[in-house]
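K.L.:
Here are the chains, one letter per residue:
Number of protein chains: 2
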Amino acid sequence: MNIAVAQSGGPTCAINASLVGVFSEALKIAEIDAIFGSINGIEGIINDNLINLKTMIRTNEDIELLKQTPSTVLGSCRYKLPKPDEAGEVYEKIMACFRKHDIKAFFYIGGNDSMDTVDKLSQYAEKNGCDVKIIGIPKTIDNDLCITDHTPGFGSAAKYVATTVQEIIRDSSVYSIESVTIIEIMGRHAGWLTASTCVLRANGEVAPHLIYLPESDFNAEKFLADVKREQAKHKAVIIAVSEGMELGDDEFRSGATDNFGHKYLSGVGKRLENLVRDKIGCKARSIELNVMQRCSSHISSKTDIDESVSIGAAGVRAALRGESGKMMYFRRISDTPYVVEIDAVPASEVANKEKMFPKEWITPDGCDVTDSALKYFLPLIQGEMVLEKKNGLPVHFKIREEILRG
Amino acid sequence: MNIAVAQSGGPTCAINASLVGVFSEALKIAEIDAIFGSINGIEGIINDNLINLKTMIRTNEDIELLKQTPSTVLGSCRYKLPKPDEAGEVYEKIMACFRKHDIKAFFYIGGNDSMDTVDKLSQYAEKNGCDVKIIGIPKTIDNDLCITDHTPGFGSAAKYVATTVQEIIRDSSVYSIESVTIIEIMGRHAGWLTASTCVLRANGEVAPHLIYLPESDFNAEKFLADVKREQAKHKAVIIAVSEGMELGDDEFRSGATDNFGHKYLSGVGKRLENLVRDKIGCKARSIELNVMQRCSSHISSKTDIDESVSIGAAGVRAALRGESGKMMYFRRISDTPYVVEIDAVPASEVANKEKMFPKEWITPDGCDVTDSALKYFLPLIQGEMVLEKKNGLPVHFKIREEILRG
Numbered sequence: 004m005n006i007a008v009a010q011s012g013g014p015t016c017a018i019n020a021s022l023v024g025v026f027s028e029a030l031k032i033a034e035i036d037a038i039f040g041s042i043n044g045i046e047g048i049i050n051d052n053l054i055n056l057k058t059m060i061r062t063n064e065d066i067e068l069l070k071q072t073p074s075t076v077l078g079s080c081r082y083k084l085p086k087p088d089e090a091g092e093v094y095e096k097i098m099a100c101f102r103k104h105d106i107k108a109f110f111y112i113g114g115n116d117s118m119d120t121v122d123k124l125s126q127y128a129e130k131n132g133c134d135v136k137i138i139g140i141p142k143t144i145d146n147d148l149c150i151t152d153h154t155p156g157f158g159s160a161a162k163y164v165a166t167t168v169q170e171i172i173r174d175s176s177v178y179s180i181e182s183v184t185i186i187e188i189m190g191r192h193a194g195w196l197t198a199s200t201c202v203l204r205a206n207g208e209v210a211p212h213l214i215y216l217p218e219s220d221f222n223a224e225k226f227l228a229d230v231k232r233e234q235a236k237h238k239a240v241i242i243a244v245s246e247g248m249e250l251g252d253d254e255f256r257s258g259a260t261d262n263f264g265h266k267y268l269s270g271v272g273k274r275l276e277n278l279v280r281d282k283i284g285c286k287a288r289s290i291e292l293n294v295m296q297r298c299s300s301h302i303s304s305k306t307d308i309d310e311s312v313s314i315g316a317a318g319v320r321a322a323l324r325g326e327s328g329k330m331m332y333f334r335r336i337s338d339t340p341y342v343v344e345i346d347a348v349p350a351s352e353v354a355n356k357e358k359m360f361p362k363e364w365i366t367p368d369g370c371d372v373t374d375s376a377l378k379y380f381l382p383l384i385q386g387e388m389v390l391e392k393k394n395g396l397p398v399h400f401k402i403r404e405e406i407l408r409g
Numbered sequence: 004m005n006i007a008v009a010q011s012g013g014p015t016c017a018i019n020a021s022l023v024g025v026f027s028e029a030l031k032i033a034e035i036d037a038i039f040g041s042i043n044g045i046e047g048i049i050n051d052n053l054i055n056l057k058t059m060i061r062t063n064e065d066i067e068l069l070k071q072t073p074s075t076v077l078g079s080c081r082y083k084l085p086k087p088d089e090a091g092e093v094y095e096k097i098m099a100c101f102r103k104h105d106i107k108a109f110f111y112i113g114g115n116d117s118m119d120t121v122d123k124l125s126q127y128a129e130k131n132g133c134d135v136k137i138i139g140i141p142k143t144i145d146n147d148l149c150i151t152d153h154t155p156g157f158g159s160a161a162k163y164v165a166t167t168v169q170e171i172i173r174d175s176s177v178y179s180i181e182s183v184t185i186i187e188i189m190g191r192h193a194g195w196l197t198a199s200t201c202v203l204r205a206n207g208e209v210a211p212h213l214i215y216l217p218e219s220d221f222n223a224e225k226f227l228a229d230v231k232r233e234q235a236k237h238k239a240v241i242i243a244v245s246e247g248m249e250l251g252d253d254e255f256r257s258g259a260t261d262n263f264g265h266k267y268l269s270g271v272g273k274r275l276e277n278l279v280r281d282k283i284g285c286k287a288r289s290i291e292l293n294v295m296q297r298c299s300s301h302i303s304s305k306t307d308i309d310e311s312v313s314i315g316a317a318g319v320r321a322a323l324r325g326e327s328g329k330m331m332y333f334r335r336i337s338d339t340p341y342v343v344e345i346d347a348v349p350a351s352e353v354a355n356k357e358k359m360f361p362k363e364w365i366t367p368d369g370c371d372v373t374d375s376a377l378k379y380f381l382p383l384i385q386g387e388m389v390l391e392k393k394n395g396l397p398v399h400f401k402i403r404e405e406i407l408r409g
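Keeping their order, the protein sequence lines are chains A and B.
All residue numbers for the first sequence refer to this note's numbering, where the first residue is 4 and numbers rise by one.
All residue numbers for the second sequence refer to this note's numbering, where the first residue is 4 and numbers rise by one.
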């Protein structure tokens with residue numbers, strides 16, 4: 004029997020580590036013959052665009068390099084599988100690919116959209132007598148998947164964000180004038196990554212002085228009062244804010260367009276920067292951490308990378324014991340010492356849902372998070388990878404061109 | 004006799020390392036008694052706001068933490084010293100501070116504005132019989148100081164930028180569609196930091212496929228042709244561009260304002276992104292590396308940090324042998340093995356001047372740099388600091404509050 008694995012959704016530092024987990028575990032199992040990688044997520048299965056991972060990953064060094072390479076080495080997609088009754092031909096193409104290559108298990112590393120694919124495919128395969136187990140391996144820097152304690156990729160993103168915010172705090176504190184620095188952090192609906200900046204408190208950092216999440220209500224008057232209150236205590240006020248926060252007032256949105264007719268879509272950070280400059284009048288700046296949040300593997304969390312390998316491996320074992328339509332997940336046993344177990348849950352319980360940051364971990368004033376949040380986040384950012392370097396730069400794994408050409 | 008040291012201008016990862024160099028060298032010299040730190044650059048001298056560095060830096064651990072702490076632990080300023088005949092009272096305040104505290108040497112860590120201060124102060128002191136040696140220690144991530152082979156702080160910025168650009172390359176290559184990613188890098192007049200992204204070539208990376216510097220002429224038609232040419236070869240085109248590049252055409256600038264009347268000051272990256280989207284029509288995005296370029300000490304260059312310590316120490320020795328009004332600088336002896344010597348040059352030769360990226364290191368097509376540039380940059384990003392960590396995060400040195408209060 005053969006197996007296949009694919010990567011989907013937005014990049015993280017840990018998706019290739021989960022690929023390593025699937026690959027390494029499958030290598031150990033005598034009954035598994037070929038291990039296929041699907042190019043660009045499920046699209047590779049639909050279009051029969053597979054590569055033989057045993058020719059791609061050939062040495063222990065390859066495995067170590069993959070673990071330190073961000074993004075998705077097999078490419079990704081944003082393809083949302085239609086319903087079987089709407090597009091049966093797509094399902095048939097997928098099943099045909101599985102049958103053609105004797106693929107008995109398919110592992111899909113992705114977020115809640117991918118878990119929808121896992122759920123639909125497993126149901127279709129069962130109904131149509133296709134003997135293939137479909138297993139989801141979670142990943143997202145947003146940490147917004149249900150059931151699982153946290154998601155692979157999140158810990159590394161949180162470690163990058165906290166490390167960088169600490170450096171921005173130093174950068175913001177050099178001049179003798181009052182200033183407000185607003186750091187805009189990824190999270191369109193859930194504020195996990197923004198909230199995780201609280202880990203700096205464990206090292207005695209007071210900042211960020213204000214933390215705003217999409218899960219708390221925003222009010223401009225209260226925001227300005229919050230800033231002024233912090234300015235009475237700190238010359239340089241540091242604010243962490245989720246990109247997805249609703250400012251709840253269209254007056255902050257610009258209707259302006261540039262000479263090409265583009266509407267300016269100022270982010271939350273820039274809009275709050277303008278608000279502070281106008282209403283308070285002090286020096287204000289906003290900083291977007293942008294895609295660096297999801298791809299800065301040079302400072303990934305070893306805990307995250309190790310767990311991402313483990314959960315990929317656990318997926319292979321789950322498929323072999325007959326599970327299908329399931330997503331692997333972490334169950335936290337304790338914070339100190341930090342212990343997690345890996346189990347499987349029906350993908351339908353995760354698909355198309357988002358886990359929000361808990362309201363009870365937001366302080367009553369709505370602009371900070373509690374010690375419970377700190378205890379939750381801290382284990383996830385522990386440990387550093389020992390990176391293979393060349394010429395002073397981390398070495399990334401790359402697929403050789405001849406393999407991609409097939 | 005006593006000495007004083009101050010830090011000025013924009014933050015880098017290496018300014019505190021130069022402070023360590025001055026401090027540690029001064030500690031070894033029996034005739035030096037107190038070592039003062041001036042708060043917020045020359046302003047601390049003008050306002051007699053000094054702290055005793057021996058009470059601030061007490062252990063070897065303090066020294067190691069300072070070397071891994073970005074920005075300026077003593078604060079900074081953007082104060083430009085007026086001419087002596089215009090504001091003699093400022094000079095008198097400075098000399099009074101030197102005399103009051105028996106300061107016989109003053110070390111100013113900064114850029115070309117600070118070298119102007121070094122030049123003016125040393126001339127004033129000599130003319131007015133004030134026995135104090137004034138020495139400049141260079142720093143800037145812009146690498147645009149004359150005479151010196153390179154500037155402390157630049158190597159760490161270049162290492163961060165190259166490491167991050169490599170990660171963005173991986174991030175940009177995941178989807179199967181054509182895309183253009185524009186990375187905007189600091190450098191208002193000189194393109195050194197943008198050009199330094201060429202170091203990725205040493206590790207076999209083809210990207211960035213296009214590099215645009217303020218030193219080369221920009222033309223929108225040629226830019227679009229460059230992009231299309233690269234698109235024929237690469238699905239995901241990566242472009243490095245200096246923030247200071249003149250697009251040379253006001254049609255790219257927006258006259259739009261938001262609801263508060265703020266003029267939108269789109270950066271070069273955003274303007275090129277819009278240009279690509281409009282004229283080529285593919286997916287385009289721009290990424291600003293922002294202040295992270297100057298403060299990401301978690302990935303500083305050990306070569307840079309070690310050199311920054313050395314040049315601070317060399318400044319102390321220069322003052323003791325009677326030099327004044329000088330800036331310390333690096334003279335490169337060879338690339339392989341990499342060898343530099345430290346010497347002193349009159350600060351007037353550096354003050355208020357900018358060293359541009361050499362025209363002969365720009366390829367004839369104006370959108371790349373040569374192998375000579377690669378050879379120049381590569382030694383500067385070598386080596387990693389072993390960072391003191393706590394709770395998975397680098398530990399930063401902080402001045403205890405009671406010391407700041409005096």
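Source of the hints: derived by calculation from the structure; they are not laboratory data.
Please note that a few of the clues may not be correct.
For chains that are exact copies, the list does not tell them apart, and a pair is met inside one copy or across any two.
[Stated by the list, open to error] Calculated lysine to aspartate or glutamate pairs in the DMTMM-like style (CA-CA distance at most 20 Å, straight line):
1. K130 to E92
2. K362 to D65
3. K305 to D116
4. K231 to E391
5. K393 to D374
6. K103 to E344
7. K107 to E391
8. K31 to E357
9. K96 to E64
10. K238 to E46
11. K86 to D105
12. K238 to D346
13. K393 to E208
14. K225 to D105
15. K393 to D338
16. K83 to D36
17. K225 to D368
18. K393 to D116
19. K107 to E352
20. K231 to E357
Here the structure is a predicted model, which is why all the values come from computation and not from measurement.
K.L.:
Are the hints correct? Go through all of them and say.
P.N.:
Structure-based check of all given hints:
1. K130 to E92: Cα proximity of K130 and E92: one copy only (15 Å, versus 90 Å across).
2. K362 to D65: neither (43 Å within a copy, 40 Å between copies)
3. K305 to D116: neither (26 Å within a copy, 43 Å between copies)
4. K231 to E391: Close neither inside one copy (47 Å) nor across copies (35 Å); limit 20 Å.
5. K393 to D374: Cα proximity of K393 and D374: across copies only (18 Å, versus 41 Å in one copy).
6. K103 to E344: Neither way: K103 and E344 sit 36 Å apart in one copy and 66 Å across, limit 20 Å.
7. K107 to E391: neither (35 Å within a copy, 48 Å between copies)
8. K31 to E357: Result: close neither inside a copy nor across copies, 35 Å intra and 61 Å inter.
9. K96 to E64: neither (35 Å within a copy, 63 Å between copies)
10. K238 to E46: Result: close only across copies, 17 Å inter versus 52 Å intra.
11. K86 to D105: neither (25 Å within a copy, 83 Å between copies)
12. K238 to D346: neither (48 Å within a copy, 39 Å between copies)
13. K393 to E208: between (34 Å within a copy, 12 Å between copies)
14. K225 to D105: neither (61 Å within a copy, 51 Å between copies)
15. K393 to D338: Close across copies (17 Å), not inside one copy (37 Å); limit 20 Å.
16. K83 to D36: neither (30 Å within a copy, 71 Å between copies)
17. K225 to D368: Close inside one copy (10 Å), not across copies (54 Å); limit 20 Å.
18. K393 to D116: neither (37 Å within a copy, 36 Å between copies)
19. K107 to E352: neither (23 Å within a copy, 73 Å between copies)
20. K231 to E357: neither (34 Å within a copy, 40 Å between copies)
Against the hints set out earlier in the document, violations occur for numbers 2, 3, 4, 6, 7, 8, 9, 11, 12, 14, 16, 18, 19 and 20.
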